Structure formats: structure tokens, C-alpha cells
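> Since the structure of chain L is provided, determine the placement of chain U on it from the hints.
Line by line, the protein sequences are chains L and U.
Just so you know, this note's numbering puts 52 at position 52 of the first sequence, and the rest follows in order with no gaps.
Just so you know, this note's numbering puts 102 at position 102 of the second sequence, and the rest follows in order with no gaps.
Worth flagging that the hints you see were computed from the coordinates, not collected in a lab.
Owing to the predicted nature of the structure, the values given are computational and were not obtained by experimental measurement.
Ideal Cβ positions, reconstructed from N, Cα and C, are used throughout, including at glycine.
Careful: at least some of the hints might be erroneous.
Here are the in silico distance ranges between beta carbons for each label pair [said to hold, decoys possible]:
(1) U:Gln4 to L:Gly40: 28 to 34 Å
(2) U:Gly10 to L:Thr102: 32 to 38 Å
(3) L:Gln20 to U:Leu33: 16 to 22 Å
(4) U:Thr95 to L:Arg126: 29 to 35 Å
(5) U:Gly72 to L:Ala31: 43 to 49 Å
(6) U:Asp34 to L:Thr10: 43 to 49 Å
(7) L:Ser24 to U:Gln108: 37 to 43 Å
(8) L:Asn91 to U:Asn81: 37 to 43 Å
(9) L:Arg64 to U:Thr5: 20 to 26 Å
(10) U:Asn81 to L:Phe11: 27 to 33 Å
(11) L:Ala21 to U:Thr5: 25 to 31 Å
(12) U:Glu70 to L:Asn106: 26 to 32 Å
In the DSS-like style, the derived pairs of lysine-lysine whose C-alpha atoms are separated by at most 30 Å in a straight line are [what the hints assert, rightly or not]:
(13) U:Lys67 to L:Lys120
(14) U:Lys92 to U:Lys67
(15) U:Lys42 to U:Lys7
(16) U:Lys7 to U:Lys66
(17) U:Lys29 to L:Lys69
(18) U:Lys7 to U:Lys92
(19) L:Lys69 to L:Lys120
(20) L:Lys120 to U:Lys29
(21) U:Lys7 to L:Lys120
(22) U:Lys92 to U:Lys31
(23) U:Lys92 to L:Lys69
Pulled from the structure, derived: some chain L residues nowhere near chain U, Cβ distances all over 12 Å [what the hints assert, rightly or not]:
(24) Ala12
(25) Asp18
(26) Pro41
(27) Phe47
(28) Leu76
(29) Glu78
(30) Thr79
(31) Arg81
(32) Pro95
(33) Arg113
(34) Leu117
(35) Asp123
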Amino acid sequence: MRDQETKAATFAFDVPSDVQAIESTVADLVARCRAAAFDGPRLTFNFRIGVTEALANAMLYGNRGDAHKPVRVELLLETTRVVVRVRDQGNGFNPHAVPDPTLECNLERPGGRGVFLLRKLMDEVRYNDQGNEVQLVLVRTMPPRGQR
Amino acid sequence: MSFQTSKQNGVVIVDVDGQLIVGNRQELKQKVLDELEGGDRKFLIDFANTGYIDSSGLGVLVSLSKKIREQGGELRLANLNEDLRTLFELTKLDTLFNIADSREEALQNF
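Isolated chain L, as found in the complex (with noise of 0.2 Å):
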């Protein structure tokens, strides 16, 4: 089991807080999990949201869309997860904090369900203490090529 969970390739760069940039950072990457054999509607929705929401947070919460603070990623395709971690320069915030945007009074607010959707759509969520930095992780359904 220790063996699966090795690391099979590790990519990281930096991001400027800049909304604009998310899409084109998304796609990349998804573009290095499809060369790494992760596929399918859990990569082009789940994670697509997933990385989404992490990076808006990251920009525009944690570095306060000032374009000079980078927002860090990091991506770890393991050969049984893909693991993405995002960090901002920001004070961090206290996840568990967030309120339910599913409840009645809540339905009608613009905001508030971008840490909810990680929750949902991710298949681990975890924050550092600082609350500046979140991992995100999604189990690969299926294995990769050459192991089925």
C-alpha cells in the first residue's frame, strides 16, 4: 500500500492573484492529469471546481486580489490520488467558521459556498492551522494505464 502512495510526479509554480489567470491555471492543470492518465467527469467537474474555488479564495480572501502577493500551487499526481495544495500569503481564516449557505436564511446570499463546494466535490479537504494554505484531494476511480 505504502508503495501505491508514492509520489509519481510533482509540479508547482506561482500564480499571480489575478482572477483572470484562474481558467488558463485550471486548464494546465488539468491538462498534466489527462498526460498522467487521471481522467474523466471527477477531472473536468469535480476538480475543476475544486481548484477553482482554492485558487478564487486564495486571490481574492487571502492575498486580497493584490497582483503582487503569488498564490503558490502545487500538484502531486500519486498513482492512487491527485493531491493539489494552494497557498496564499494571508492571514488565513478558520474554515470551520464558514456558515451552512444551505440553510433557508442563507439560500439567498450571493456568497458564502465556495468552501462548501470543496467540501462536496473534493474527496478531502484539509486546511493548514494558519488557514493560508488548503489541500485538496480527489481518489482516482479508476488506476492508471499499464496497471488494469
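Just chain U, lined up with the frame of chain L:
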């Protein structure tokens, strides 16, 4: 990604081609608000060619729906694929919107 606007039987129809996310939500919002200010009250957003919607995209739909209702109008949605419908169900926004399976269905009795 782009938003194409047309009009059919007095209903403003917006086609979302690509993604509705934090990077382009303001463009959609402005297009709809411009039509609202111009006097239109019936709006249909068609997601037949939409890949995914993030929380900001959902938020702008909630915001637009409220503004349109305040002006006595209505916003309907159509052609959500299975994933997008799941997104609305997860967030319980399916209870907030009139969601039709097709554009034709949405335009009926509008």
C-alpha cells in the same frame, strides 16, 4: 467563454458558452442588468454549452434572480447537464430557481 444574448417571444435568452466562474461572472451580470434597465423582465439563461459553474457563478445567478424579481420579473434556467444539476441540488439552489430541461420547456407559459 462568452455570453450570447438573443430575444424570443419577449424573453431575453443568454447562452453561456464555456464556464461561468469568478473571472467572467461580472460580464454576465452586466449583460443581464443592462437588459433589465432597458425594460426587459423575462430572462432565460441556457447552460446547454456550459462546462462548469463555480460558487461565484452560482452567486451571480442568485443575485440576478433577486434583482429581477424585485423588478417584477423572473429568471429561469435551462439545459443543466447532470453535473450542473447536481451542483444546484447540493447547494439547494434547485429550490430557488425555475429549472427547465430544455429551452422550449422554459419558454412555455413564460
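> Kindly indicate which numbered hints from before are broken by the structure, ordering the numbers from low to high.
9, 12, 21, 23, 25, 26, 27, 33 and 34
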